[in-house]
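Trainee: For reference, the chains in residue letters:
There are 2 protein chains.
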Amino acid sequence: MAGLAKAALAGDVRAAAQLMRDLDDRQPGALQELRELYPATGRAYVLGVTGNPGTGKSTVVDWLIERYRRQGQRVGVVAIDPTSPFSGGAILGDRIRMQRHSTDDGVFIRSLATRGHLGGLSRSTHDVVTVLDAMGNDVVIIETVGVGQDEVEVVAAAHTSIVITVPGLGDEVQAIKAGILEIADILVVNKAERDGADRTVRDLQGMLELRPREAPTVEVLRTVATRGEGIDELCAAIERHHAGVGAAQAAARRRQRAFAEVRDALRERLLEAAAAAAGPGGLEAIAAEVAARRTDPYSAAERLLAALRGTDPPRGAGGC
Amino acid sequence: MAGLAKAALAGDVRAAAQLMRDLDDRQPGALQELRELYPATGRAYVLGVTGNPGTGKSTVVDWLIERYRRQGQRVGVVAIDPTSPFSGGAILGDRIRMQRHSTDDGVFIRSLATRGHLGGLSRSTHDVVTVLDAMGNDVVIIETVGVGQDEVEVVAAAHTSIVITVPGLGDEVQAIKAGILEIADILVVNKAERDGADRTVRDLQGMLELRPREAPTVEVLRTVATRGEGIDELCAAIERHHAGVGAAQAAARRRQRAFAEVRDALRERLLEAAAAAAGPGGLEAIAAEVAARRTDPYSAAERLLAALRGTDPPRGAGGC
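Chains as they are written, first to last, in the numbering used here: chain A, 13 to 332; chain B, 13 to 332.
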């Protein structure tokens with residue numbers, strides 16, 4: 013385990029992959045390795061890509077990888093599949109893509125599914141982005157189905173957020189767009205050869221016009237990703253967004269990302285500490301009391317907080 | 013504020029609605045009210061309904077409400093829309109349904125969108141379920157787009173979990189189904205009049221057959237909810253699932269729900285306490301240090317945990 017960070021910084025892809033697995037498995041020692049990587053981070057351009065299942069976002073991401081590779085840029089991808097809380101399996105499409113790019117040293121794809129950790133998927137996502145960034149990838153793409161709160165936040169904190177939709181998924185999608193509009197820097201209507209594409213574009217533009225006058229520009233683009241149509245325009249829109257972001261806005265997103273990283277690291281660490289302070293049986297024993305209605309969840313939380321505070325602080329532990 | 017719990021227990025719907033709002037707004041005092049409700053909970057049958065946007069799950073839920081009402085049962089619904097982390101707005105379909113059931117005292121519908129609380133949407137969901145249960149609703153339906161980790165967990169912990177899909181959403185959906193299969197007690201192929209319904213049913217049954225021999229039975233049903241087709245069969249399947257769950261399995265789900273409640277209450281409470289212990293500027297000040305790469309998120313988390321432990325425990329506070 014020791015030395016994985018150094019090896020990853022030196023460009024050892026297998027060491028980086030091992031470190032990601034160790035982090036995901038919460039192996040002892042992996043966090044210390046990650047800390048060594050942290051000073052080397054902050055250089056990658058982070059793209060967030062989200063969209064419902066069936067919108068073809070993997071195909072769009074594939075094209076983005078191809079364009080960045082043509083420019084000689086190194087690309088890291090983290091694909092988030094939060095629908096499998098128990099299996100921890102990789103997603104189907106990802107395996108296919110791994111094969112397609114398997115001969116290209118300039119592309120590194122890692123898929124994440126939660127394994128029921130207390131801290132959850134967003135911490136694992138931060139970890140993978142940190143490793144991909146420190147490895148020297150120029151661009152890191154975060155791809156997610158993104159209708160869960162954590163996933164939406166991850167995409168919202170990217171340098172550029174792309175939301176992909178398709179024509180005619182019904183009224184429910186219309187309602188969802190209202191929420192997704194708030195995080196999109198660029199809106200893509202994929203499968204634009206289908207009936208209803210014009211209307212979807214008009215609807216989106218209409219919703220954008222309802223925003224406050226000072227709201228930043230959001231471009232609405234059409235793509236037919238299966239045929240590569242509209243990809244040049246998408247790349248140009250990303251470039252325009254990148255160039256148009258002021259220093260203040262860039263700093264605000266950097267702080268937003270850092271806040272999410274601290275919060276998610278803290279969330280997991282605090283729960284671990286509370287579980288340890290809970291005594292024999294841990295949180296499960298307390299949950300059994302709640303299930304039996306002998307206490308309520310909020311009283312239980314107060315008791316655990318008090319127990320945590322009563323615990324002696326560890327000697328010589330901690331990172332500072 | 014005082015007395016809302018008592019009023020809600022006595023059947024005052026407006027008091028219950030006010031308490032839900034106060035809880036969602038994290039009003040001081042609201043938690044104490046909730047604690048008073050807790051002993052009156054545990055009697056409602058909790059149904060979880062999840063499916064991607066556009067699968068028509070709201071229409072299915074509407075039919076379930078109608079059938080339960082026909083039996084004279086009181087129904088509470090919590091509709092979760094996690095896609096709007098910033099607006100906090102109610103979802104469109106919900107407003108429409110509110111009107112439809114607005115003259116029926118036996119139906120109470122509440123929609124939830126996250127407002128960026130540290131603890132997140134799942135805690136708010138637990139709170140609403142607690143109030144709906146304590147109010148004396150016989151059935152509580154949790155409806156969510158459910159591809160985020162927290163939302164999936166909420167549905168998985170219900171007495172009966174229904175996963176709704178539609179024919180032919182492509183390969184990505186196939187991959188997702190593999191995850192969703194693990195939480196479904198009943199699988200519904202809605203819009204079954206469409207091409208490809210047979211194949212979707214066969215695919216789902218095929219995937220179910222791959223599970224271990226001892227895995228519980230999962231029925232696959234077809235509905236055309238817009239025409240009310242297949243709803244009787246769905247109700248019968250819910251009844252069969254309900255009747256077939258053994259005492260051990262029911263107790264396990266109860267503990268699973270209680271564990272999630274404790275964890276989510278704790279998650280929020282611990283983050284609040286850590287933010288208070290962080291000193292001036294709170295978590296934001298520490299995030300700024302991380303953004304400037306002066307520290308890393310994990311070292312920051314350790315520092316905050318140490319600060320939290322160093323804090324004197326509150327005198328006379330806590331619920332036990």
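In case anyone wonders, no lab produced these hints; they're calculated from the structure. Just so it is clear, the structure is predicted and the values come from calculations on it, not from any experiment. It cannot be assumed that every hint is accurate.
[Said to hold, decoys possible] These stretches of chain A come out as covered by chain B in the derived footprint (C-beta under 8 Å, 3 or more residues):
1. 33-42
2. 49-63
3. 311-319
Positions of the beta carbon are idealized from the N, C-alpha and C atoms, including for glycine.
Trainee: Determine for every hint whether it applies to the structure shown.
Mentor: Here is how each hint holds up against the structure:
no.	hint	in the structure
1	33-42	violated (count 0)
2	49-63	holds (count 4)
3	311-319	holds (count 8)
Checked against the numbered hints above, the structure violates only hint 1.
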